[in-house]
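Protein chains: 2
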Amino acid sequence: MPYIEKTMKSERIYDGKILNLRVDTVELPDKKYSKREIVEHPGAVAIIAVNEKNELIIIRQYRKAIDRVLLEIPAGKLELNEEPIESAKRELKEETGYIADKIEYVMEFYTSPGFSNEKIYLFLAQGLTPGEQELEIGEYIDVEKYSLEELMKMIKLGEIVDSKTIVGINYYYNLINK
Amino acid sequence: MPYIEKTMKSERIYDGKILNLRVDTVELPDKKYSKREIVEHPGAVAIIAVNEKNELIIIRQYRKAIDRVLLEIPAGKLELNEEPIESAKRELKEETGYIADKIEYVMEFYTSPGFSNEKIYLFLAQGLTPGEQELEIGEYIDVEKYSLEELMKMIKLGEIVDSKTIVGINYYYNLINK
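Heads up: the protein sequence lines correspond to chains D and H, in order. The opening residue of the first sequence carries number 40 in the working numbering; numbering runs sequentially from there. The opening residue of the second sequence carries number 40 in the working numbering; numbering runs sequentially from there.
For reference, chain D alone in the conformation it holds in the complex:
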């Protein structure tokens, strides 16, 4: 079994709006020490939202961290004490305007376990009713729709390069092709 690292010291570097950074000193089996740089994140939800034509709702959004516009499934951070399913309904409405008749838990996964505790809860939303977006200050999001076949091709062509979006599209592709 892999060695479980014991924390000897934990130094808080930064407490921010969407993330915190700490550096832990851990003890290794040979009594040596090592540093672990850890980004604390509240967790997030992502939503595979499917309309009556079996198209997925995809958002187009600028991402400052990579200075690039990405195509992604709707997603957003968990608020304090918020249940993931409530967060999924809220983010879907805010980012796309859609309200789902039916929303169900699919799976959860870590995005970057080498340096962050960010966990994404993935949901499947169906029975969509369109409405107005409710964007936060500083959010500018275009809402688009693509068929599953288009999306699988866009992954292959490198037009979709966001990991949670690739996981979500593959999940739905395997679900309806099984």
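Just so you know, the hints here were simulated from the structure itself, not pulled from any lab data. One or more hints might be untrue.
Which copy is meant is left open, because identical chains are indistinguishable; a pair holds if it fits in one copy or across any two.
To be verified - Cross-link-like lysine-lysine pairs, in silico, PhoX-like; alpha carbons within 20 angstroms at most:
#1 K48 / K71
#2 K217 / K192
#3 K74 / K116
#4 K56 / K158
#5 K184 / K128
#6 K71 / K192
#7 K56 / K195
#8 K74 / K56
#9 K48 / K132
#10 K71 / K45
#11 K56 / K71
#12 K195 / K158
#13 K48 / K92
#14 K70 / K92
#15 K92 / K158
#16 K74 / K45
#17 K128 / K217
Given chain D, work out where chain H should sit, using these hints.
Chain H alone, transformed into the frame defined by chain D:
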């Protein structure tokens, strides 16, 4: 089209061993300002390594950021000026001992574009020759093998919860089932 944010100020918070943290002040269209907390990461590679029985090589490793042991495909950070394909060969050998006859680029994706520039280059490695692991100080990794059917089931059961690993397994599943 989404609004491209202009950087008005950039404050360096932390320069570390595997990541840096900076906080950018960006201008929004209405001349308001907002902060963007950004984790700079050198990028990484991940490897779908397949043996002659069509099993995937999976590593079991403790991850301090989530205080949990995870099953993942072999992966690791890019070193300075290192080509991704060289990094993939190096990491595969170091973490699992295997040397691949054939290693090819599959795709690249961002793990957490909301707050980090981490990009993963995914490779497919075949024609594996076993050898000795070359672990770094502080690395403790078990090497295991699973069939594709087992892995697809483990994703469903929540036994595999790492996003790059889910992307890699789905890629290979779709490749051989098309």
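Outcome of the hint check:
{"no.": "1", "hint": "K48 / K71", "in the structure": "within (14 angstroms within a copy, 40 angstroms between copies)"}
{"no.": "2", "hint": "K217 / K192", "in the structure": "both (19 angstroms within a copy, 13 angstroms between copies)"}
{"no.": "3", "hint": "K74 / K116", "in the structure": "between (27 angstroms within a copy, 16 angstroms between copies)"}
{"no.": "4", "hint": "K56 / K158", "in the structure": "within (17 angstroms within a copy, 23 angstroms between copies)"}
{"no.": "5", "hint": "K184 / K128", "in the structure": "within (18 angstroms within a copy, 39 angstroms between copies)"}
{"no.": "6", "hint": "K71 / K192", "in the structure": "neither (48 angstroms within a copy, 38 angstroms between copies)"}
{"no.": "7", "hint": "K56 / K195", "in the structure": "neither (35 angstroms within a copy, 33 angstroms between copies)"}
{"no.": "8", "hint": "K74 / K56", "in the structure": "between (24 angstroms within a copy, 9 angstroms between copies)"}
{"no.": "9", "hint": "K48 / K132", "in the structure": "neither (42 angstroms within a copy, 32 angstroms between copies)"}
{"no.": "10", "hint": "K71 / K45", "in the structure": "within (11 angstroms within a copy, 45 angstroms between copies)"}
{"no.": "11", "hint": "K56 / K71", "in the structure": "between (34 angstroms within a copy, 17 angstroms between copies)"}
{"no.": "12", "hint": "K195 / K158", "in the structure": "between (25 angstroms within a copy, 16 angstroms between copies)"}
{"no.": "13", "hint": "K48 / K92", "in the structure": "neither (54 angstroms within a copy, 45 angstroms between copies)"}
{"no.": "14", "hint": "K70 / K92", "in the structure": "neither (60 angstroms within a copy, 40 angstroms between copies)"}
{"no.": "15", "hint": "K92 / K158", "in the structure": "neither (30 angstroms within a copy, 33 angstroms between copies)"}
{"no.": "16", "hint": "K74 / K45", "in the structure": "within (11 angstroms within a copy, 34 angstroms between copies)"}
{"no.": "17", "hint": "K128 / K217", "in the structure": "neither (27 angstroms within a copy, 34 angstroms between copies)"}
Hint violations for this structure: numbers 6, 7, 9, 13, 14, 15, 17, all remaining hints satisfied.
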